[in-house]
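Participant: Sequence:
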Amino acid sequence: MHYEILLVDDEKSVTKALSRVLRNDFSAIHEAQSASEALTILENNPIDVVISDYRMPDVNGSELLTQVHNLYPNILNVMLSGQADMEGFAKALNDGCISKFLCKPWDNNQLRAFLRDTIKEHESKRNHDTLTLIPTLKMFKEQIKHLGLNEFNGACVALLNIQNLSSVNKDHSYKAGNKVLKVIARRLSMMFPEHIMTRVESDIFAIVFQNEGSLGKDANALLRIISTPIGIDEKEIEITGCVGITSINDWKIDLTENLERNIKHIRALKNDKQEIVFCPPQQEDKWFNKAKLINELGSSIKNNKLSLHYQPQIDLGLNKITGCEALIRWVHPELGFLTPDKFLPYIERYNLADDLLVMILDQAFSFMTSETELFKDITMSINLFASQLGNPKLTQIIIEKLALYQIPATSLELEITETSVVKSFQETREQLITLRNLGIKIAIDDFGTGHASYEYLCELPVDVVKIDGCFIKGMNSSLEKTTALNNIIATATTLSLEIVAEFVEEEQQANTLTQMGCNRLQGYWFSKAINCDDFIYFASLFSKPKTHSGISEH
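For the sequence shown, this note's numbering begins at 76 and goes up steadily by one.
Be a bit skeptical, because a hint or two may be false.
Lysine-lysine pairs mimicking DSS-like chemistry, simulated, CA-CA at most 27 Å apart [to be verified]:
1. K310 x K377
2. K367 x K377
3. K213 x K200
4. K310 x K254
No lab work stands behind these hints: they were computed from the structure. In this text the structure is predicted, and so the values were computed from the model without any measurement.
Model the full structure from these sequences, guided by the hints.
Facilitator: Pasting the structure below:
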């Protein structure tokens with residue numbers, strides 16, 4: 076145990092007897108025969124536990140432990156006595172100055188078990204480890220819970236195992252071992268100041284990594300922390316250890332069982348070389364495949380290997396295509412077609428949004444310039460990421476691409492997802508006003524599903540509202556969704572906003588929505604998202620004077 080303990084009794088034979096009993100349980104044991112001597116020791120040593128007799132010549136135990144509690148509130152105080160002044164003892168106990176009471180004479184085994192349980196109980200109430208001052212395991216688990224992390228977020232927990240700590244304690248003393256742990260904790264905090272960490276066991280630290288893209292680099296950094304010898308008492312102490320990568324889910328579900336399994340796995344490693352392992356080993360394949368996919372995604376974006384499909388938006392009143400939404404598609408050379416949910420979450424996390432926007436604008440504007448007659452009256456709708464809002468680079472990219480391809484700004488519509496978190500309304504508002512003044516339309520996508528729906532309408536310059544598909548799907552079966560749909564359309568109409576209805580899959584929905592005031596309809600009843608050639612063919616068929624009869628085959 077890394078704790079240092081102070082034994083206080085005016086009879087030296089008592090402190091010596093206690094020292095013999097506890098010598099294998101604490102890293103350092105100090106003895107004092109008076110309150111004044113005890114306070115001097117406390118001033119000069121990192122004491123964690125004080126065990127004091129009650130009757131002493133200068134100051135009694137209750138008075139001493141009250142002073143200790145006031146000066147060092149984190150110290151665990153235990154009274155050990157055969158007789159006590161009940162009034163003074165009761166006051167110290169009620170004031171919280173004394174944690175536990177033991178009677179003389181004691182049973183050695185019961186005393187050791189009692190102190191272990193008391194310290195465990197004491198630690199469970201703390202937020203920070205007494206030795207290293209980093210968060211306790213309890214606090215660590217709470218932090219993970221509040222961060223809302225999971226494997227898909229790219230998060231994992233690395234275990235740093237100091238394999239030769241027991242040898243350091245044996246060869247150099249427990250004090251030396253404690254100094255090693257303090258240095259390791261300090262190095263961790265300096266190298267990863269923004270990360271959450273804890274000390275899981277006496278020789279194992281844990282730290283959360285949220286970026287699988289840099290996991291290899293971060294894990295090697297952990298090994299560097301222990302590869303540098305630690306100077307203690309003019310001696311260089313070599314540290315051996317390893318790093319085990321564990322699933323973040325292991326820390327949220329069945330922690331005790333999963334932690335025991337993972338610790339057993341890394342403790343089984345030989346301590347003659349530093350290495351990085353995955354717990355369980357199968358996790359390595361999962362991590363490697365994800366890291367490989369992220370690398371390929373960045374490369375595919377820069378090399379224009381992703382493609383756009385275009386979903387038509389129909390004005391039934393005019394019986395013509397008035398808009399289309401550009402949707403990203405990725406056909407992976409090995410994995411085949413990947414749905415956007417498999418790769419879009421990585422775009423923002425790895426700062427690929429601007430590169431993707433450049434690729435999207437190049438493809439969309441090239442298509443528009445090659446079909447100028449077709450896009451004379453069709454608006455091209457592009458989705459933005461929340462991280463791009465308020466960033467001046469977004470405005471610069473769009474203006475440069477419009478000029479390069481000589482696309483009228485009025486032909487472009489920018490979609491902001493209603494559930495996006497806008498970090499700065501003021502900066503975003505000014506940016507969108509600038510773009511809108513050029514003639515670009517601003518649309519709110521998935522409208523009605525988040526808490527910020529009407530806040531966005533009030534704070535941001537908006538031209539178009541895209542009603543979330545859940546309201547369309549439930550319009551004929553749910554009174555609540557029908558009422559919400561009516562309210563959304565009424566609000567948008569009052570504010571003179573264009574209304575786009577997504578996920579239109581039935582003729583009845585299309586006709587009803589048109590009667591309710593929706594300007595543009597988008598969904599499988601007309602067409603799925605299709606490539607350039609199929610979009611041109613669809614447009615040529617739709618423009619013919621005939622009644623539309625359902626889902627496009629293209």
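Participant: All the hints need checking, so say for each whether the structure fits it.
Facilitator: Right, here's what the structure says about each hint:
no.	hint	in the structure
1	K310 x K377	violated, 53 Å
2	K367 x K377	holds, 16 Å
3	K213 x K200	holds, 9 Å
4	K310 x K254	holds, 12 Å
When the structure is compared with the earlier hints, a violation turns up for hint 1 alone.
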